[in-house]
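Enquirer: Mind docking chain L on chain Y? Use the hints.
There are 2 protein chains.
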Amino acid sequence: MVTRMTQLKVAFAQIDCLVGDIPGNVDKVIEAAETAKTKYNADLVIFPELTLTGYPPEDLLLRASLQVRVEKALERILYTVKDIALVIGFPWREQGKLFNCAAFIDGGEIKAKYRKKCLPNYQVFDEKRYFEPGSDTVVLPWRGFNLGVSICEDVWEEEPIAATAAAGADFIVNINASPYDIAKLQQRRTLVQSRAVTNSVPILYVNMIGGQDELIFDGGSFAVNRHGRVCFSAPQFEEGIFLLELNDVIHGEGQETAEPAPTMAVEASIYKALVTGVRDYVNKNRFKSVVIGLSGGIDSAVTLAVAVDAIGADRVRAVMMPFRYTSQMSLEDAEAEAKALGVQYEVVPIEPIYDQFMGALNPLFAGLDRDTTEENIQARIRGVILMGISNKTGALVLTTGNKSEMAVGYATLYGDMAGGYDVLKDVFKTMVFRLAWYRNTLSPVIPERVITRPPSAELAPDQKDEDSLPPYEILDEILSLYVEHDVSADGIVAKGFDKETVYRVVRLVDINEYKRRQAPIGARITMRGFGRDRRYPITSGWKLGE
Amino acid sequence: MVTRMTQLKVAFAQIDCLVGDIPGNVDKVIEAAETAKTKYNADLVIFPELTLTGYPPEDLLLRASLQVRVEKALERILYTVKDIALVIGFPWREQGKLFNCAAFIDGGEIKAKYRKKCLPNYQVFDEKRYFEPGSDTVVLPWRGFNLGVSICEDVWEEEPIAATAAAGADFIVNINASPYDIAKLQQRRTLVQSRAVTNSVPILYVNMIGGQDELIFDGGSFAVNRHGRVCFSAPQFEEGIFLLELNDVIHGEGQETAEPAPTMAVEASIYKALVTGVRDYVNKNRFKSVVIGLSGGIDSAVTLAVAVDAIGADRVRAVMMPFRYTSQMSLEDAEAEAKALGVQYEVVPIEPIYDQFMGALNPLFAGLDRDTTEENIQARIRGVILMGISNKTGALVLTTGNKSEMAVGYATLYGDMAGGYDVLKDVFKTMVFRLAWYRNTLSPVIPERVITRPPSAELAPDQKDEDSLPPYEILDEILSLYVEHDVSADGIVAKGFDKETVYRVVRLVDINEYKRRQAPIGARITMRGFGRDRRYPITSGWKLGE
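These protein sequence lines map, in sequence, to chains Y and L. Counting in the working numbering, the first sequence runs from 1358 upward without gaps. Counting in the working numbering, the second sequence runs from 1358 upward without gaps.
Wrong hints could be hidden among the right ones.
Copies of one chain are not kept apart here, so a pair can be met inside one copy or by any two copies together.
Capping the alpha-carbon separation at 16 Å, the derived lysine to aspartate or glutamate pairs in EDC-like fashion look like this [claimed, not checked]:
no., residue 1, residue 2
1, Lys1749, Asp1728
2, Lys1385, Asp1373
3, Lys1749, Glu1732
4, Lys1468, Asp1440
5, Lys1852, Glu1903
6, Lys1468, Glu1841
Hints are computed from structural coordinates only; laboratory data are not their basis.
Bound-form chain Y, shown alone (with noise of 0.2 Å):
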């Protein structure tokens, strides 16, 4: 028995689940189940968390077919999987209530279902709009061994893994649909470890891999020993089967083992995490192709080179959409963008159009004066135009607005918000100036004074960003503090920064709600981004300050 023991494989299934498609997902388990058994001989292969019906399904979950849809697709693993064994994820309804499952399936059998105890209803998740908690802990013999499941969240609070390992547990299996953030793999990795540590019980760690709307999974699975030793981990946004020696984990000491992957720079992380977000939405939306409006600067050069990256130049359009305050400069650096990058560029001048928007709305405005009115025109000229080659030809418009400028609402409605997905969207300038340089150390395709000029929207003559914004070093410490880590105006103050620009800001985010509610969504890379995780009122009378 001991020497059997010492021979089983487990492989990580870290594979990309398309939200709501219950059939093709099912085709990817048999596949990789397949895969597992002939290419690396697996006795366990274990699958993401809620593998039946993607990450997160929303509302879908309440459509009164998914239990159906959800036995069917069972059955069909249950006949077609019989010589190795599963853990795979699913919603599944009983006596009323859904349950967040996971199944211990072998020979073709269920041999045990997990439901999920601690369902997360914070930051972007919302599982208790939906799901019932379990209660009961699973721990059953295999192979020898006593395995234990649990699921994701059941991981970051005490009680599962304790009971499972009480139990006896001799290793814990804990599947995970874990969204992305620039933090998330080290703090995954640390409270794993110390849950095994604390629970002497080596626990394998499965995460999904692939962008659903906001939200990218990273995969990053691992594996650690009871000593708290990560003795596997697969590698991050890479879809894959990945095997692991069980005897490794399980017998494993403290010390032994291979390393693990090394953990990414932050610039490479985030710029595989918007490549990751872009190819999914692109891809799993069946856009044939993007576009993208060019306008010499940083945001739309580092969108642009994403989207090659993400898709490949073949798919990618640029256009350029002068008008009398876009510099010699700006027309030159876009068209080495597109040429570097290998893309479609064409050249619309907006002039003409403008003109005949102005004359007619100047006998409504007589006696008004020219103010941001007029700069929002020309960025809207622009929207119409890329929505125009988007509805013509079924090309998905990228935009390119940072999280600055989404916070303070620096963008235009309607204009160069206009678009299905906003690539930077969770990315603050000061970052987006770094992976500029780092695109560059890959290949040099934006040009070096594209980062370094000072940034300006070039909607009215001689314009610098930080004309009306603060210096962006400022701006997003300020914006970091209040958005993402929930600092109160008065808070930031005391931090050492100034008064009067510190309010300034604070109010800019809060006033410009309305704006980021009608706004594309983009790919979530911080602990905080605008979207599921942000939920504010428009109408709000909360005073800032303390």
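Expert: The following block gives chain L in isolation, referenced to the frame of chain Y:
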């Protein structure tokens, strides 16, 4: 004692609390308490759920200074209001947990604090994102009676009222922030009647009033005696203090006491809800005025009427933006509506702007057929013009898309969908017709042929909505079944609808999630609006059918 008891008066403070404005809401509480005492000689004044923060405060509940702000607010109330008892609602943090609380205050002291037991986390509600459930029943002696307290959802489940009655309550004050929908008033009454009878206890149900983003609180507070008799009811859609003789409720029989206010016809009720929504969105967000694109069609006609009824003709501006496909009839009718309602009216032809756009785009469109792209450009030019007026004058753009259009995506993003608030967002087209007839019974403002002509977007020659959509009678029935009642496509077909039509409609609903995600908010008037109520992924592989 009996003599004293028979004279007790309870004031229902059916007030409009502005979300987040804690000091302002305290002012309202103090004012209402003073009015209740001095004008009505009331002994107790009861306020809606989360009186101090308004409802729903959403992520404002997560701000660090919330507790300090609430404590200050309570101090001010305790210090100021001494000669009348109160029941008010507020969030309260203790031992690291946030509760949705109601306090009974008497003589400037908090006599008891009740923590909401049942936290709704479905439909538009997210209370489990913020609150922990309470577990204690509150019944306390007051002027010879035992007064029980409960909060909103507590009355929708069995335990809280049963426990409070079992603890000896002579009557229960249930404080609410219950949002309006067409069927809600009757539902609330039937439910509370049943709870009162089952537990043989009178229930005083006080509700909030006013619009908060997409939610409309309709008031309609009422009281039910132990026999299930509605023996008091405050009007819907009217802010105010309404007085109840407690004796009538506590000693009332099944048949006695005054008739409750009659419930309104559905058209009148919806119309009032829409007016409330517009009025409060505009005023609470401090817009001085609104601007509406008038097309000569029924949606913009009804929108205009609602806007004028909400904030007055002097704050409403209408703009007709004709194109070559705009009929003479539309021009005449738009002008007639504007005149009948007395609003500022302008005509801005879009032909020259359109020609410039097409001139710019034609080289890019070479060899491609004419399609809806050209129609969308017309709609988007109108959007740019309205937004220009909005930016220049500070007027809010009201959009006019109805629920049928929002469902199937029969609307142009950044075109007719450009604006801050969509008045008819949750109103099916067939109901828009009924609202038009209803509004004309008050005073004839919508030309009859606007109601009787076949609906057309007038974006192409001789276009009719029914060229691309099923007749609205059929469309709306299918949409109601699919969107509001979660019936599957096959389930709808089984009810006798044409399969091809059903599949086409359901598919349109599914694939247009991306449009709705960028749509302006609008008043929710049904049990399933597009908004907080219906949370579907954009990226989805769900197959329609069963």
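Enquirer: Take the hints in turn and mark each one as holding or not.
Expert: Verification of the supplied hints:
1. Lys1749 with Asp1728: Classified as between: cross-chain Cα gap 7 Å, same-chain 33 Å, threshold 16 Å.
2. Lys1385 with Asp1373: within (9 Å within a copy, 53 Å between copies)
3. Lys1749 with Glu1732: Only across copies: Lys1749 and Glu1732 sit 11 Å apart there, 26 Å inside one copy, limit 16 Å.
4. Lys1468 with Asp1440: within (14 Å within a copy, 67 Å between copies)
5. Lys1852 with Glu1903: Result: close within a single copy only, 13 Å intra versus 58 Å inter.
6. Lys1468 with Glu1841: Intra 43 Å, inter 38 Å, cutoff 16 Å: neither.
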